[in-house]
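Asks: In case you want the letters, here they are:
There are 2 protein chains.
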Amino acid sequence: MHIDQASEAELKEQLNDLYEQYEQLAERKLGLDLTRGKPGAEQVALSNALDGILGGDYRAADGTDVRNYGGLDGLAEARELFGALLGVAPEETLVGGNSSLTLMYQVIDFAMNEGLRGEDTAWALNDQVKFLCPVPGYDRHFSICEYMHIEMLPVPMLDSGPDMDRVEELVRNDPDIKGIWCVPRFSNPSGCVYSDDTVERLAKLPQLAGEHFIVMWDNAYAVHSLYDDAPALASIADYCRAHDTLDHVFQFGSTSKVTFAGGGVAFVGSSERNLSTLKAHLAFQTIGPDKVNQLRHVRFLPDRAAIEAHMARHAALIRPRFEAVLDTLERELAGTGMGHWTAPRGGYFISFDTRPGLAREVVDLAGNIGVKLTPAGATHPYGRDEADTNIRLAPTFPSSEEVQASIDAFVVCVKLATVKQALAAG
Amino acid sequence: MHIDQASEAELKEQLNDLYEQYEQLAERKLGLDLTRGKPGAEQVALSNALDGILGGDYRAADGTDVRNYGGLDGLAEARELFGALLGVAPEETLVGGNSSLTLMYQVIDFAMNEGLRGEDTAWALNDQVKFLCPVPGYDRHFSICEYMHIEMLPVPMLDSGPDMDRVEELVRNDPDIKGIWCVPRFSNPSGCVYSDDTVERLAKLPQLAGEHFIVMWDNAYAVHSLYDDAPALASIADYCRAHDTLDHVFQFGSTSKVTFAGGGVAFVGSSERNLSTLKAHLAFQTIGPDKVNQLRHVRFLPDRAAIEAHMARHAALIRPRFEAVLDTLERELAGTGMGHWTAPRGGYFISFDTRPGLAREVVDLAGNIGVKLTPAGATHPYGRDEADTNIRLAPTFPSSEEVQASIDAFVVCVKLATVKQALAAG
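Line by line, the protein sequences are chains A and B.
One point on numbering: in UniProt numbering, the residue at position 159 of the first sequence is 159, and numbering is uninterrupted.
One point on numbering: in UniProt numbering, the residue at position 101 of the second sequence is 101, and numbering is uninterrupted.
Read the hints as simulated data drawn from the structure, not as lab findings.
Nothing here was measured: the structure is a model prediction, and the numbers come from that model.
Hints may be right or wrong, so weigh each one.
Which copy is meant is left open, so a pair is good if it fits within one copy or across any two.
As the list claims (entries may be wrong) - Once the Cα atoms are required to be at most 25 Å apart in a straight line, the calculated SDA-like pairs of lysine to any residue come out as: (1) K279 <-> I144; (2) K420 <-> L30; (3) K130 <-> H281; (4) K130 <-> I369; (5) K204 <-> Q14; (6) K279 <-> M112; (7) K130 <-> T286; (8) K130 <-> D120; (9) K420 <-> R331; (10) K372 <-> P398; (11) K130 <-> L15; (12) K372 <-> G63; (13) K12 <-> D364; (14) K279 <-> P231; (15) K130 <-> P175; (16) K279 <-> Y105; (17) K130 <-> D364; (18) K204 <-> T328; (19) K372 <-> E386; (20) K12 <-> D228; (21) K130 <-> G115; (22) K372 <-> E200; (23) K279 <-> D109; (24) K279 <-> A49; (25) K279 <-> G210; (26) K372 <-> T286.
Build the full structure now, drawing on both the sequences and the hints.
Replies: In structure tokens:
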């Protein structure tokens, strides 16, 4: 039954019933955790062969001894492999350490404090610097902005990606806006894949937004399909070439959710001009990345086909967890008006929206019975989800049984909070 | 014969002879390189067992799955092992990625722009920030300062380390001085080991220099003895504890010249308070270091004894190269007044001083016959060696034969430049 059609008596009966279920859950003293976008133990084990794969052969294809110093760009074959994933040439690719977040931080840091086109282009010379943040989004993107004193302007996410009408209107009217964060495929947390039209409009955006505007294209889930029919993402690099804006787009990726979350390889793709600037800055803080680990990765996953076969093994492990969540939500909440949610074809998250004003309460209710959820608000800049509706669900790390138990408990919390609210509203 | 005792006729005869030798060298079309403080191929091969050492066991002692995310501090057993090398507790140690230079950059960056004791302590709030740079020293330290617009004040290196009378006088009279760079054991490039008295005076220096002064203690060659009788380095951490200055000292180290130069593990030791501040900043740019590689290192070199046995194998490889250089310098130049040099008991470098005004010319002469030397001036801030005397020799990377050929040619260049100068002076 839809909650709006329930009588007060029916709501009261439901409430009693839900309190009872909630108490039973409390007695089970659950210790569950749906907060983390982490691969599970079986997933990381898929890459156990990485350690030892070199078999004593530490020479790259061009003869480079990967054990020794040097090579700020990363290994030639790693640049070729990961550049291809981003749709850019090896010369347009820099392969770094284990963290794409670090590469993103560095790009923003250098653009802010040193200037991507020389000292007089440093954003910090302006009184204000603003970034567009599609919401819901990724809290670590927001944290970088907050740390750098960049003002964040939320823009709504649609099924096709950021609301481009709004984005274009904003940048047209505010020259302080210097960038936008994007997770274009299987977005964190909605799971949407940006439409071709959205990708092209983002590639053209610098023409509206001005000379020092950049698109931060965090393609963290580029190859992370759950189903063979998962939507493809258009190549922003191709659109950039067509519109002469490659200087304004930084693409990021990593193998954190391909091989080892903590011991993978991260990469950035952009114009050769941008990479040359980036390297000039990077040279002050490092002699070069860990090329041994880069060589391991290239040997383990030599080409696109190997990566896709490997990702299919990941999908087989996590698809049942996503389906457990989605089946339960569908069975328990569809048609009730108690919430709506996304059904991603890939990535690591499901985005759930409660009725307005209930996200925080649902997260608290779940926490009180031992089911940890991502804090409400975390998907919004400054932790401010004004409508208090969005909750990010991350089903990959717990076991299938734990995922099922967590989502069962979650559903009870959603219902309880919603029925309470309905009764209070009278 | 000492050059000052040679008659003009004798000098002219020597000059002719030297030109002849120089021409003969030129005809050999040498392609030699003494510039790089890099381990040789045989050295890095000593650690080939690193890859594959985990044998599928990716669990740290405390059960941590090193393949997954998390742990900004680094692995517990890595903190214990490398902390002990620095003379600090595991809680006073952070183990990071493959580059100690990165850790140094981050400490300076955060102290400059964010403040180690809160926003109002950021050095950047001052009109001027200055650092003491013992010379000759390491060019990458100087580069960080230059990048950060930190004014560098050179102070002379003695056999006992920096000239502490001068250092104390400078910090007493100039509150803009916020730090000092130190390579305390087998200093780059002189190879000297700081005396106990120098280490204690450096540990006490913050008491003279003020609240926001830090000692950057780059102990890059902590375990890099060439001989069993190599001088030990006093523990600065012990002195800091005695004088309550641990908040003012950051110690750095890495396995770059222990295992793989490009694929090792770097670490920083300081007070828990400092590390806590550092982590608060670091959290914005990374989720954590590559713990897989840390575990490899701890398995490969589980304790101090294993590290020392391993370093003895390095010493056996590079000692003959150092001895080839030193024996040749001794045989050819001792007593001639044409230069003086250090005879380090460890580390990666030999520091050579020509007569004033000749370093650049010697480097050019050598370069013109295919013997590449570190550019003259590189061992001084801003590349300014006012006396133009210092040349850094790095004998580890080339083969023994190449080292011998290089130093033979070097000696001819030194003699040629010196005799020419003596004749010109009349």
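Asks: Give the relationship of K130 and L15 under a CA distance limit of 25 Å: within one copy only, between copies only, both, or neither.
Replies: Neither. Shortest intra-copy (45 Å) and inter-copy (68 Å) distances fail the 25 Å Cα cut-off.
Asks: When Cα atoms must be at most 25 Å apart, do K279 and Y105 count as within-copy, between-copy, both, or neither?
Replies: both (14 Å within a copy, 15 Å between copies)
Asks: Have a look at K204 and T328 and pick one of within, between, both or neither, based on CA distance no larger than 25 Å.
Replies: neither (41 Å within a copy, 65 Å between copies)
Asks: Between K372 and E386, at a C-alpha cutoff of 25 Å, which is it: within one copy, between copies, both, or neither?
Replies: within (22 Å within a copy, 64 Å between copies)
Asks: At most 25 Å between C-alpha atoms: does K279 with D109 qualify within a copy, between copies, both, or neither?
Replies: Classified as both: same-chain Cα gap 13 Å, cross-chain 17 Å, threshold 25 Å.
Asks: Under a CA distance limit of 25 Å, which applies to K130 and T286: within one copy, between copies, both, or neither?
Replies: Close across copies (22 Å), not inside one copy (29 Å); limit 25 Å.
Asks: Have a look at K204 and Q14 and pick one of within, between, both or neither, based on CA distance no larger than 25 Å.
Replies: neither (52 Å within a copy, 71 Å between copies)
Asks: With identical chains treated as interchangeable, where does the CA-CA distance between K12 and D364 reach 25 Å or less: within a copy, between copies, both, or neither?
Replies: within (21 Å within a copy, 92 Å between copies)
Asks: 25 Å Cα cut-off: does K372 pair with E200 within a copy, between copies, both or neither?
Replies: Close neither inside one copy (39 Å) nor across copies (50 Å); limit 25 Å.
Asks: At most 25 Å between CA atoms: does that hold for K279 and G210 within a copy, between copies, both, or neither?
Replies: Within one copy, since 24 Å is at most 25 Å while 35 Å is not.
Asks: Regarding K130 and D120, is the shortest C-alpha distance of 25 Å or less found within a copy, between copies, in both, or in neither?
Replies: both (18 Å within a copy, 24 Å between copies)
Asks: Please sort K279 with I144 into within, between, both or neither, judging by C-alpha distance up to 25 Å.
Replies: Answer is both; intra-copy 20 Å and inter-copy 14 Å each pass.
Hint check: violations occur at hints 4, 5, 11, 14, 17, 18, 20, 22 and 24; the rest are consistent with the structure.
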